[in-house]
Amino acid sequence: MSSHRGRGRGRGRRTVEPPALTAEEAQSWFAGSLPDDWFTDSPSVKLDRDEIIVTGRLATPKIGEDDDARIAAHARINSFREETRDVRIGIADRAQQAFLRKVSWAVVCGDETVAFTTASVPVMTRLSMDQRATLDTLIDAGVARSRSDALAWSVQLVADNEAEWIGQLRDAMEGLSEVRDSGPSPSS
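Numbering (this note's numbering), first residue to last: 58 to 245.
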C-alpha cells in the first residue's frame with residue numbers, strides 16, 4: 058500500500074500534468090493552425106491547466122433596416138459551427154495531444170457570443186457546516202439546483218463583482234512568475 062498523500066493521487070486526478078504553456082504560445086500555435094478566412098481578426102486564446110478556449114469574431118451579417126440583427130448573428134454563428142466542425146475537431150485533436158488540455162471554441166458575431174462545448178471541470182473542496190448552509194440556502198431559494206450549481210453561482214458572483222480585484226491578483230501572479238523565471242537556476 059502506498060504511503061503517498063496529497064496532490065495527484067486521488068481518483069479522477071490526471072496522472073500527467075499538462076506542459077507549461079503561456080497564452081502567447083497558445084495564441085501563436087492557433088494563429089498558425091487556423092484558416093486565415095475564418096475570423097475578422099486574430100482569435101483570442103485563453104487557457105488554464107484544464108482547457109483552452111479559442112474565441113473568434115465573425116463578420117457581422119449585412120441586414121436590412123427592419124431585419125433582426127440578433128437572429129442574423131445566430132444564423133451566421135450556426136452556419137460557421139456546422140461548416141467548420143470537421144476542421145475544428147482536427148485542430149482541437151492536435152492541440153489536445155500537444156498541450157494535454159481540452160480545446161473549446163467560441164465565436165462573437167455582432168453583440169452575440171456563443172461558446173461551443175466548453176469544459177465543466179469538477180473541483181473538489183471541503184466546506185464547513187456554515188459554508189454548506191449558505192449553498193443550501195441558495196438551493197432552497199431556487200437560485201441553484203444543487204450545491205455544485207450554488208458553488209458555481211457564487212464563484213461567478215465574485216468574478217462579476219470583484220473583477221478589478223481578481224485582475225490585480227492575476228497581474229501580481231504574472232509579475233511573481235516573471236521574477237521567479239529571471240532568478241538564478243539551481244545547479245545540476
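Source of the hints: derived by calculation from the structure; they are not laboratory data. Glycine residues also receive a C-beta, built at the ideal position from the N, C-alpha and C atoms. Any given hint could turn out to be false.
Pair by pair, the computed Cβ-Cβ distance ranges are [what the hints assert, rightly or not]: (1) Asp94 / Gly224: 26 to 36 Å; (2) Asp187 / Val236: 31 to 41 Å; (3) Asp107 / Glu235: 20 to 30 Å; (4) Ala80 / Val236: 13 to 23 Å; (5) Gln213 / Gly240: 17 to 27 Å.
Mimicking SDA-like on lysine to any residue, the simulated pairs with C-alpha atoms at most 25 Å apart in a straight line are [stated by the list, open to error]: (6) Lys103 / Gln188; (7) Lys103 / Thr175; (8) Lys159 / Asp187; (9) Lys103 / Leu214; (10) Lys119 / Asp168; (11) Lys159 / Leu91; (12) Lys103 / Val178; (13) Lys159 / Trp95; (14) Lys103 / Met186; (15) Lys119 / Asp98; (16) Lys103 / Asp206; (17) Lys159 / Lys119; (18) Lys103 / Trp210; (19) Lys159 / Val180; (20) Lys159 / Glu74; (21) Lys159 / Asp94; (22) Lys103 / Trp222; (23) Lys103 / Leu192; (24) Lys119 / Lys103.
Hints, one by one, checked against the model:
1. Look at Asp94 against Gly224: about 33 Å separates their beta carbons, and that is inside 26 to 36 Å.
2. With their beta carbons about 37 Å apart, Asp187 and Val236 fall inside the hinted range of 31 to 41 Å.
3. The hinted range of 20 to 30 Å is satisfied by Asp107 and Glu235, whose Cβ atoms lie roughly 23 Å apart.
4. Taking 13 to 23 Å as the suggested C-beta distance range, the pair Ala80 and Val236 conforms, at roughly 18 Å.
5. Taken as a hint, the range 17 to 27 Å is violated for the pair Gln213 and Gly240, whose Cβ atoms sit roughly 36 Å apart.
6. Taking the CA atoms of Lys103 and Gln188, the gap is about 30 Å. The hint is violated against a cut of 25 Å.
7. Proposed proximity of Lys103 and Thr175 is supported: the alpha carbons are some 12 Å apart, at most 25 Å.
8. Between Lys159 and Asp187 the CA atoms are separated by roughly 35 Å; this puts the pair beyond 25 Å, and the hint is violated.
9. Using a Cα cut-off of 25 Å, the hinted pair Lys103 and Leu214 holds, with the two alpha carbons roughly 20 Å apart.
10. Our distance criterion of 25 Å between C-alpha atoms is met by Lys119 and Asp168, whose separation comes to about 14 Å.
11. Of the supplied pair hints, the one linking Lys159 and Leu91 holds, its CA atoms being roughly 17 Å apart against a limit of 25 Å.
12. Taking the CA atoms of Lys103 and Val178, the gap is near 15 Å; set against the 25 Å cutoff, the hint holds.
13. Between Lys159 and Trp95, the direct Cα distance comes to roughly 21 Å. Compliance with the 25 Å bound is thereby established for this hinted pair.
14. The straight-line distance between the Cα atoms of Lys103 and Met186 is roughly 35 Å, outside the 25 Å bound, and the hint therefore fails.
15. Taking the CA atoms of Lys119 and Asp98, the gap is about 18 Å. The hint holds against a cut of 25 Å.
16. Note on Lys103 and Asp206: the hinted pairing holds, with a Cα-Cα distance of about 23 Å set against a maximum of 25 Å.
17. A C-alpha spacing of about 34 Å is found between Lys159 and Lys119, which places the hinted pair above 25 Å, so the restraint is violated.
18. This hinted pair checks out: Lys103 and Trp210 have alpha carbons roughly 21 Å apart, not beyond 25 Å.
19. Under the criterion of a C-alpha separation no larger than 25 Å, the hint pairing Lys159 with Val180 is consistent with the structure, at around 16 Å.
20. The suggested pairing of Lys159 with Glu74 holds, with an alpha-carbon distance near 13 Å, which does not exceed 25 Å.
21. For the given pair, Lys159 sits about 24 Å from Asp94 by alpha-carbon distance, which is consistent with the 25 Å threshold.
22. A hinted pair counts as satisfied when its Cα atoms are at most 25 Å apart, and Lys103 with Trp222 qualifies at roughly 19 Å.
23. Taken as a hint, the Lys103 and Leu192 pair is broken in the structure, with Cα atoms around 29 Å apart against an allowance of 25 Å.
24. Between the alpha carbons of Lys119 and Lys103 the distance comes to roughly 29 Å, so the proposed pair goes past 25 Å and is violated.
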